[in-house]
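S.K.: Model the full assembly from the supplied sequences, consistent with the hints where possible.
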Amino acid sequence: MAPEEAVELVVVFSFHAQGEPRVNELWMTRTKKLKQVWTKLRFRSSCEKSSDNTGAEQSASDALQEAKSGVSGNNEDESQWQSTDVEMDKSVEAKDSLSFRPAPKDQFQEELIIRPLHSGDIYASFQFRTIWDTDFLQEGNKVSHYRLFPKSLGQVLSKFSVRELHISFTQGFWRTMQWGQPFIPSPPGAELWVWFQDTVADVDENWKELTNVLSGIFCASLNFIDTTNTVQPSASFKPLGLGNGLATLMKSEKLFHSSFHSQAVHIRPVCQDVQCAKPAWELRQTLNVVFDLYTSGQSKKEWSLFKMFSRTLTEACPLASSSKVYVDITDNPEGELFELSPATPVLSQAVVLGDRRTYSVYDLTKADTFGQLRSLNLLLRWKGENGDMLRPLLHAERYVAGFGLQTGEIHTLVYNNHPFRAFPVLLLESVPWYLRLYIHTLKVTSKSRDNKPSYIHYQPSKDRQRPHLLEMLIQLPPHSVTEVTVQFERALLKWTEYPPDPNHGFYVGSSVISALVPSMVAMDTNFTQEHPLFSSFFPVKEESNFFMRVYTEPLLVNLPTPDFSMPYNVICLTCTVVAVGYGSFYNLLTRTFQVDEPSLPLAKRLANLIRRVRGVPLLT
Amino acid sequence: MAASLTFLLIVAVSIRAVLFRSSLAEIISERVEVVSPLNAWKRVVEGLALLDLGVSPYSGDVFHEIADGITAVALYLSIQTYNKNVFRKQKYALESDRYPLDSHELLRSPKEMFYIPLKVAMFYLLNPFTILSCVAKSTCGLNNAIIAVFILCTLKGSALLSGIFLALATTQSIYPLTLFAPALLFLLQRLYIPVNLWRSSFWFFTSQYVFMYVGSVVVITGLSFFLLGSWDFIPSVYGFILSVPDLTPNIGLFWYFFAEMFEHFRVFFICVFQINVFFYTIPLSIKLKEHPVFLIFMQIAIISIFKSYPTVGDVALYMAFLPAWSHLYRFLRNIFLVSCVLLVCSALFPVLWHLWIYAGSANSNFYYAITLLFNVGQILLVSDYFYAYLRREHHLTHGLYLKKKDGTEATLVLK
Chain A
33 MAPEEAVELV VVFSFHAQGE PRVNELWMTR TKKLKQVWTK LRFRSSCEKS SDNTGAEQSA
93 SDALQEAKSG VSGNNEDESQ WQSTDVEMDK SVEAKDSLSF RPAPKDQFQE ELIIRPLHSG
153 DIYASFQFRT IWDTDFLQEG NKVSHYRLFP KSLGQVLSKF SVRELHISFT QGFWRTMQWG
213 QPFIPSPPGA ELWVWFQDTV ADVDENWKEL TNVLSGIFCA SLNFIDTTNT VQPSASFKPL
273 GLGNGLATLM KSEKLFHSSF HSQAVHIRPV CQDVQCAKPA WELRQTLNVV FDLYTSGQSK
333 KEWSLFKMFS RTLTEACPLA SSSKVYVDIT DNPEGELFEL SPATPVLSQA VVLGDRRTYS
393 VYDLTKADTF GQLRSLNLLL RWKGENGDML RPLLHAERYV AGFGLQTGEI HTLVYNNHPF
453 RAFPVLLLES VPWYLRLYIH TLKVTSKSRD NKPSYIHYQP SKDRQRPHLL EMLIQLPPHS
513 VTEVTVQFER ALLKWTEYPP DPNHGFYVGS SVISALVPSM VAMDTNFTQE HPLFSSFFPV
573 KEESNFFMRV YTEPLLVNLP TPDFSMPYNV ICLTCTVVAV GYGSFYNLLT RTFQVDEPSL
633 PLAKRLANLI RRVRGVPLLT
Chain B
1059 MAASLTFLLI VAVSIRAVLF RSSLAEIISE RVEVVSPLNA WKRVVEGLAL LDLGVSPYSG
1119 DVFHEIADGI TAVALYLSIQ TYNKNVFRKQ KYALESDRYP LDSHELLRSP KEMFYIPLKV
1179 AMFYLLNPFT ILSCVAKSTC GLNNAIIAVF ILCTLKGSAL LSGIFLALAT TQSIYPLTLF
1239 APALLFLLQR LYIPVNLWRS SFWFFTSQYV FMYVGSVVVI TGLSFFLLGS WDFIPSVYGF
1299 ILSVPDLTPN IGLFWYFFAE MFEHFRVFFI CVFQINVFFY TIPLSIKLKE HPVFLIFMQI
1359 AIISIFKSYP TVGDVALYMA FLPAWSHLYR FLRNIFLVSC VLLVCSALFP VLWHLWIYAG
1419 SANSNFYYAI TLLFNVGQIL LVSDYFYAYL RREHHLTHGL YLKKKDGTEA TLVLK
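Protein chains in written order, with my numbering: chain A, 33 to 652; chain B, 1059 to 1473.
No lab work stands behind these hints, which were simulated from the structure alone.
If you want the ones that stay clear, here's a sample from chain A, every Cβ over 10 Å from chain B, calculated: (1) Leu149; (2) Gly212; (3) Asn244; (4) Pro377; (5) Asp400; (6) Pro451; (7) Pro509; (8) Glu585.
Each computed PhoX-like pair below joins lysine-lysine, with the alpha-carbon atoms no more than 20 Å apart: (9) A/Lys636 <-> B/Lys1463; (10) A/Lys339 <-> A/Lys286; (11) B/Lys1214 <-> B/Lys1142; (12) A/Lys339 <-> A/Lys415; (13) A/Lys636 <-> B/Lys1462; (14) B/Lys1461 <-> B/Lys1473.
Backbone N, C-alpha and C define an ideal beta-carbon position, used for all residues, glycine too.
M.R.: Right, dumping it as structure tokens:
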């Protein structure tokens, strides 16, 4: 990417990104030439392959859960958590009496958001957030004392000078058109992206080692993805090793019996305070699940915590400074659509993905939340039909066109459903080398007119080394569908490069669409209801744009295959043909033409022998 | 003659022009028999697009027609020169009574030789293989043109131009390196320098020619370096040719063999197969040191059979020479069978490709079987011409009707 283009890009984004420090930061770092490794990894495809295999998939998530607790085994989990309890007391004591350097402050929060979806499915999103007010990456600040932050991850971060790390494991595909936007989007399969500190000299080497280590921690062979996916079942699914807090709800057989589930770990530096003088580290562990209770529940639209998780909540995690359950009741302001019990008077409003939502809040740290039964089993019963769902403003889909195994065309459709605002999106496609893209066939059309991307970055593939990387900035006209097409050719691979089920096809990871989307709230011009009148003089609000990342479907592409049963035959037959060539040339090169004289009968030859000895002329 | 050549060119160009404008052009340009990863026009355009030169993928047809025209004219002129040469030699030999009386019917008459250059040009220009290659805008036509010009320069006796064009051809695809030997032999013969390792005149001329050739190679490589600004093109072009990473099916022997190869034998077999192309140069040069033009034909044929990414355009180049050896026809043993094999294979290539790739009712083995047969056919064709050439030479010196010692009619065998 040419530097001037980079600057331009950042200008575009930072202009829109006023209220979105995270995006800003993301793009600013790019200009600072902080080496970036964004890998929509090739392994995504093979992780996806394992999705048929629930065992393997489950184990990956087991591993994830295990990593959340930061240690490798169940027993160790418990011991660690118990010991930290003790340590906490000690540190308090120490602070009080001896006034040593105070241990860095850390805190843990947990949260569950439940959103009834319009399709009748239930979306449950767990989030466990740990914030640690220390900068353990700083030189000379070697931290060996870990409390809430998992040590295994902390060590990895400091060893590889990681600045940000995002890893997700997802099974199933998020159906944006039916379910709306997820809180944290994630592509099917696995995704890992990492920002390294600019002190890292050899990013590639660091990246390789880091993926090796992460593969170990998460039990998901991120590093050997070309060959096999050897995810092994190891620990049981007991998050945090404790039977309390929101983690009680995580019962593996229920979680994996769902339409979609995605587990992710996000680590990033954040500011400690408003001055932002010191960084703190934030670890978010998320689990997003969509339960299909509509079909499995005999078409009755009702759900409860027990139905979903076969558990109820009895207490908050003792280590958590906050532990809350939110239920999205935006569509139900008057209680006409569904009935939620036990009812709670506490409501909360938030602008989520550009839309103002209302939530019922259940605070697990308060004893009265659990009632007399000392357990909380949320129950929701639908009364009427669903209202209309607001269509997502940005939406994308992708498919392969063409027939036969020689060529094909990737079509990516990006929908801008905003009625009057155009906005730019950044489209990133990473296509494996065995689909040979022809970039000169790239076409971008909106409203059946050519829509030239304002910026294209293309890195051609190298056979067996790196995939194609195509990144472009496209302006989406309002209320339009933008179609991006590019032709490719399917390669024939070596027979050992095919997976065990070659005719199933090869997965191509989702393309990523990042955008600052004008929010629904900003579209709302009727301010007068809830706001003071003068506020309408300032129609541009903080939340007028929000950052959104959309993943398209992964593609399944068939490649031509050789016949796997006959390597010996092919080697023999081809060598025979070469030998035919060699033999016939050798024959003509080494021999000469001679008159074919029939050989003499045996008697004459014997007679000639005697004649030769005697020295008389030979017989002919 | 010039008029008929012009007419031929016009016919050939109009055929191509019509095909370029038809819907067939696109289908042809996707055919794996016609284009290989090395010479596909689509890849040229892709490369230029990456260099941001903004070339339309639909320009360039005129350029390819011109390349074909150049090849045909160069071949025409070369064969004309060669025939004059042959005729002159034959005259000297006759005058010095070197031919036995009964071999006189093998001698070539000017009347018979008159139309051969035109036939050669026609064989190249109207060969369906060439037409397909041109319509697909394969850069193979350009390679062929360079080789044809190289042959012309050699036959005209211009060592410098011959060296330059050979260097051009070599830097394009390595394999024409083997044409160095016949060119050197021809130039030596033309200057009446005997191939004698003890003679300084031989070494003097050889080193001169080597210097011209190597110098041109260095200059061309240097120019490529300055144009591209890095040496990356060496692994990505020559490494690509030699290590065969792209296994896209073609009419050659490499693709399926290396798709099915056991990983630990891969390097070994790549070496064997690549050496195989260069291997025949020295024995053939020794055997055919008096006949460098036939040696050129043999080398081009061997390259087109055994190279790593062959296309029908390569086949067309050596097939263009066949009319020049029309006097060998009486000694060919299985020309009928071989022609049938080649024709049937050419027809079956698209059929089996369709069955494998589009219909899904056949698998890769079907297409592979046809490539095998096609290559066996080519090998038989070339070795048959080689046999016939050697046999005619034998008859020219020993007489056409050989007798056994007892006076009965003899049969000739290779021993």
